[in-house]
Amino acid sequence: MYLKKLILCLTALFLAPLSFSAWDDINMTPGVNAIAQEIFGLHMTIFWICVVIGALVLGFMVFLIIKYRKKEGVEPADFDDNPKLELTWTILFAVILVGMAIPATTTMIKAYDDEEGDINILITGHQWKWQYEYMEDEVSFFSNLLTSLDARNNIAPKTENYLLEVDEPLVIPVNKRVRFLITANDVIHSWWVPDFAVKQDAIPGFINTAWTYIDEPGVYRGQCTELCGVYHGYMPIVVKAVSDSEYKDFIQGKRDLKAQQALLTEKLWETDELFAIGEEVYLKNCVACHQVNGAGIPPVFPALAGSEIVMNDKGRQVEILMEGVQGAAMQSYAEQLTEVEIAAVITYTRKAWGNDAGGDGEIVVPKEILDYKNNKL
Amino acid sequence: MSAVIEGHHDDHHHGPAKGITRWLYTTNHKDIGSLYLWFSFIMLFIGGAMAMVIRAELFEPGSQIVSPEFYNQMVTNHGLIMVFGVIMPAFVGLANWLIPMQIGAPDMALPRLNNLSFWILPAAFGVLLATFFMEGGAPNFGWTFYAPLSTEYAPPTVTYFIFAVHIMGASSIMGSINVITTILNMRAPGMTLMKMPLFVWSWLITAYLLIAVMPVLAGAVTMMLMDIHFGTSFFKAGGGGDPVLFQHIFWFFGHPEVYIMILPAFGIVSHIIETFSRKPIFGYDSMVYAIASIALLSFVVWAHHMFTVGMPIAGELFFMYSTMLIAIPTGVKVFNWLSTMFKGSLTFETPMLFAIAFVALFTIGGLSGLMLAIAPADFQYHDTYFVVAHFHYVLVPGALFSIIAAVYYWLPKWTGYMYDEFMGKTHFWLSFVSVNLTFFPMHFVGLAGMPRRIPDYAMQFADYNMIVSVGAFLFGLSQLLFLYVVLKAIFYGKKATGQVWEGAQGLEWTLDSPPAYHTFETPPNLEAGEAKG
Numbered sequence: 001m002y003l004k005k006l007i008l009c010l011t012a013l014f015l016a017p018l019s020f021s022a023w024d025d026i027n028m029t030p031g032v033n034a035i036a037q038e039i040f041g042l043h044m045t046i047f048w049i050c051v052v053i054g055a056l057v058l059g060f061m062v063f064l065i066i067k068y069r070k071k072e073g074v075e076p077a078d079f080d081d082n083p084k085l086e087l088t089w090t091i092l093f094a095v096i097l098v099g100m101a102i103p104a105t106t107t108m109i110k111a112y113d114d115e116e117g118d119i120n121i122l123i124t125g126h127q128w129k130w131q132y133e134y135m136e137d138e139v140s141f142f143s144n145l146l147t148s149l150d151a152r153n154n155i156a157p158k159t160e161n162y163l164l165e166v167d168e169p170l171v172i173p174v175n176k177r178v179r180f181l182i183t184a185n186d187v188i189h190s191w192w193v194p195d196f197a198v199k200q201d202a203i204p205g206f207i208n209t210a211w212t213y214i215d216e217p218g219v220y221r222g223q224c225t226e227l228c229g230v231y232h233g234y235m236p237i238v239v240k241a242v243s244d245s246e247y248k249d250f251i252q253g254k255r256d257l258k259a260q261q262a263l264l265t266e267k268l269w270e271t272d273e274l275f276a277i278g279e280e281v282y283l284k285n286c287v288a289c290h291q292v293n294g295a296g297i298p299p300v301f302p303a304l305a306g307s308e309i310v311m312n313d314k315g316r317q318v319e320i321l322m323e324g325v326q327g328a329a330m331q332s333y334a335e336q337l338t339e340v341e342i343a344a345v346i347t348y349t350r351k352a353w354g355n356d357a358g359g360d361g362e363i364v365v366p367k368e369i370l371d372y373k374n375n376k377l
Numbered sequence: 378m379s380a381v382i383e384g385h386h387d388d389h390h391h392g393p394a395k396g397i398t399r400w401l402y403t404t405n406h407k408d409i410g411s412l413y414l415w416f417s418f419i420m421l422f423i424g425g426a427m428a429m430v431i432r433a434e435l436f437e438p439g440s441q442i443v444s445p446e447f448y449n450q451m452v453t454n455h456g457l458i459m460v461f462g463v464i465m466p467a468f469v470g471l472a473n474w475l476i477p478m479q480i481g482a483p484d485m486a487l488p489r490l491n492n493l494s495f496w497i498l499p500a501a502f503g504v505l506l507a508t509f510f511m512e513g514g515a516p517n518f519g520w521t522f523y524a525p526l527s528t529e530y531a532p533p534t535v536t537y538f539i540f541a542v543h544i545m546g547a548s549s550i551m552g553s554i555n556v557i558t559t560i561l562n563m564r565a566p567g568m569t570l571m572k573m574p575l576f577v578w579s580w581l582i583t584a585y586l587l588i589a590v591m592p593v594l595a596g597a598v599t600m601m602l603m604d605i606h607f608g609t610s611f612f613k614a615g616g617g618g619d620p621v622l623f624q625h626i627f628w629f630f631g632h633p634e635v636y637i638m639i640l641p642a643f644g645i646v647s648h649i650i651e652t653f654s655r656k657p658i659f660g661y662d663s664m665v666y667a668i669a670s671i672a673l674l675s676f677v678v679w680a681h682h683m684f685t686v687g688m689p690i691a692g693e694l695f696f697m698y699s700t701m702l703i704a705i706p707t708g709v710k711v712f713n714w715l716s717t718m719f720k721g722s723l724t725f726e727t728p729m730l731f732a733i734a735f736v737a738l739f740t741i742g743g744l745s746g747l748m749l750a751i752a753p754a755d756f757q758y759h760d761t762y763f764v765v766a767h768f769h770y771v772l773v774p775g776a777l778f779s780i781i782a783a784v785y786y787w788l789p790k791w792t793g794y795m796y797d798e799f800m801g802k803t804h805f806w807l808s809f810v811s812v813n814l815t816f817f818p819m820h821f822v823g824l825a826g827m828p829r830r831i832p833d834y835a836m837q838f839a840d841y842n843m844i845v846s847v848g849a850f851l852f853g854l855s856q857l858l859f860l861y862v863v864l865k866a867i868f869y870g871k872k873a874t875g876q877v878w879e880g881a882q883g884l885e886w887t888l889d890s891p892p893a894y895h896t897f898e899t900p901p902n903l904e905a906g907e908a909k910g
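Chains Y and S, in that order, give the protein sequences.
Quick note on numbering: the first sequence equals residues 1 to 377 in the working numbering.
Quick note on numbering: the second sequence equals residues 378 to 910 in the working numbering.
Derived from the structure by calculation, the hints contain no laboratory data.
Check the hints yourself; a few may be wrong.
What the hints assert, rightly or not - Taking lysine-lysine and the DSS-like style, the derived pairs with C-alpha atoms no more than 25 Å apart in a straight line are:
1) Y:70 x S:802
2) Y:71 x S:395
3) S:872 x S:395
To be verified - These stretches of chain Y come out as covered by chain S in the derived footprint (C-beta under 8 Å, 3 or more residues):
4) 153-166
5) 170-178
6) 189-199
7) 226-236
8) 360-371
None of these values were measured; they are calculated from a predicted model.
Using N, Cα and C, we set each Cβ at its ideal position, and we do this for glycine too.
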């Protein structure tokens, strides 16, 4: 009978995915800590209950379709209710739901635990990068997408971690309770690492909390999960869980770097040196909005090439980089770039794309940025 | 009576006016119903074309055909058009055509308002689509337009978007006032509330939902407007405002809105299943109560869209429990439909095929909805393709299939011509296979961790996205076949009888096919008989 064939075909269609892909690739990750594993268990329980209900309902439907096809000489019945039966299945539904609600509630209570951590990390979402600040150690850095534009534009080959790799991962120690304090600087983002079962919205003006506790060293990847503008798909999260001693080295390294950068600010700089650094900084931080050729995407992202401020108003340009622009996508870079980088990128924009010829061509040195910061204090 | 008045009276019995003015000035419920349905059909292809762009971009990893900026505009406008331009107007069109004929009324209660509610809709969508050609591009912040992405960080065209939403809201509110007034005042003698056809019941409840929540949406966009142009800080954290407030307001509108898009479908499917089972609907009373309880519950579940915003645990648990409760009335409906088929005498014409597919696939969408209700597990599902799979299962093989089923079911009544059954069935099987090919694998990529609304994705999602895209292209093409079947019926169809379907019950089947321009000028008297349809 063709109906049977049809059912076979449909089953094959639904099962086909299983044949060329491992179960892990099409299911939720079991996770790497106790709470993630518990959520995974809850998911599987609910999933199988739903599969059984679905199979019974659809199976009964197929039975009805085959059994009660119109036949010569068979009259349809004419009953139109059965209160007892209706009451029975209503109660049955309620019982099943209570059965689901109980494990869901216990898991929920475990997941919702906002005690202080051994380590507290402030996570701030920016368009389109994450900032991590180790609150006890006063270390802070930004984490940007590493995947090149060429790979995204299909010019360079795509690697295994395409779109899931960053320049500086968040480093946390194993066997410590790590608490995340999550907020945002501009629009709403959402910080999600599936292996930790942590997904928490990063909302300007709010600080949400989440926590994790990792046993095994490893690299765990996630993505922003709240639409946050053009490059929402390009702000991944990479967390590296390391041993306690490695973690201490990492923090020390960050501190040394900070001291080194302070020294660099005082150094005497050549224009060419600044220009070269500035170009690198520009390609990493500015190009998404202002474009490689400095033309921007007006009116949302203004052009830098030929801009009056960039050509002739050095003071205002420094101010914009340090403070951001109220009500626009331009954010403050005072925290995310070093003094050298800010000075270099300003120098670069004032020299590139013919701005040199059209404007005053003045450069900015790192010391000026430091002075700006100090005067503000 | 004087001859003059007699003459005037005769004028009324003329058919429709000639030319374009017939459609511009019409106050006839059948004409306005057709206008709504054609409008929705056109918007289906515009919104569908946007979906095709989305699926082409996601065909393979890496940038394909559009920029991330344009991709976001596609995602946003695809959602807005499908929700406000396709599903809602199609249901209003069906309401216009069917409610007066099903309750034995000559027309809608407020015919001029009816004309206005339709004609401001093309204006609203004209404004929305015009933003594509303006500086800064079309809205790009998702159909849920969360602040501050839609306020401080929005393109300048957001103001046009706000204006368009206001007009759509006004249209919906006027439409629902009309539906409620008609149903409560113009039923034929003898048609008590509990004898009304289920489609009429579902629309009565839907109309109340619309009146309750469209002003909330209008409030939300007005606050956005003030934040953008008048210096207020409703949603601006920097000025002491609250971005989460926006989400509470939006979803207080948004969740009932979701049911606005499915309740009329319940009515349609009930009619079709009883007709082709040749058996009265099982549990009429519980069907009505189920729709009413789903509607009431829809007001207390909104924050299940917001499990990750950082609510206190009491809030998480409350919204989890209230959401799970919805499974009870929904389950009752599914079981009632199956019981209607039980011991029936089933035939499988195109409307029945779509109605059965509705019940089956809506059940899948309902079950994934139940999974999403489990708050701790939702931390993993939220904003992934699992959610995309879920709501497309309830909106495409759910709401859209019910509308297609309704068109096949009532088209012979409306036009007087039968559609080509073979082509109709072909359309069904193509749609059924491709809709599952499109949306079923989305469950997997979602669980595996693919976030929604991204223009590019990591390598492990590649295989499934390609399958999804192929399914989507096939589904899009299949709907062109639908257009062909409808046009072929209108121009070359065989004459239909008044009864059309052997087992059809209800007042509309007592009329000719097509019905006269004005029907039931004298109400039928149902005092003696049953009117349930």
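Broken hints, by number: 2, 5 and 8
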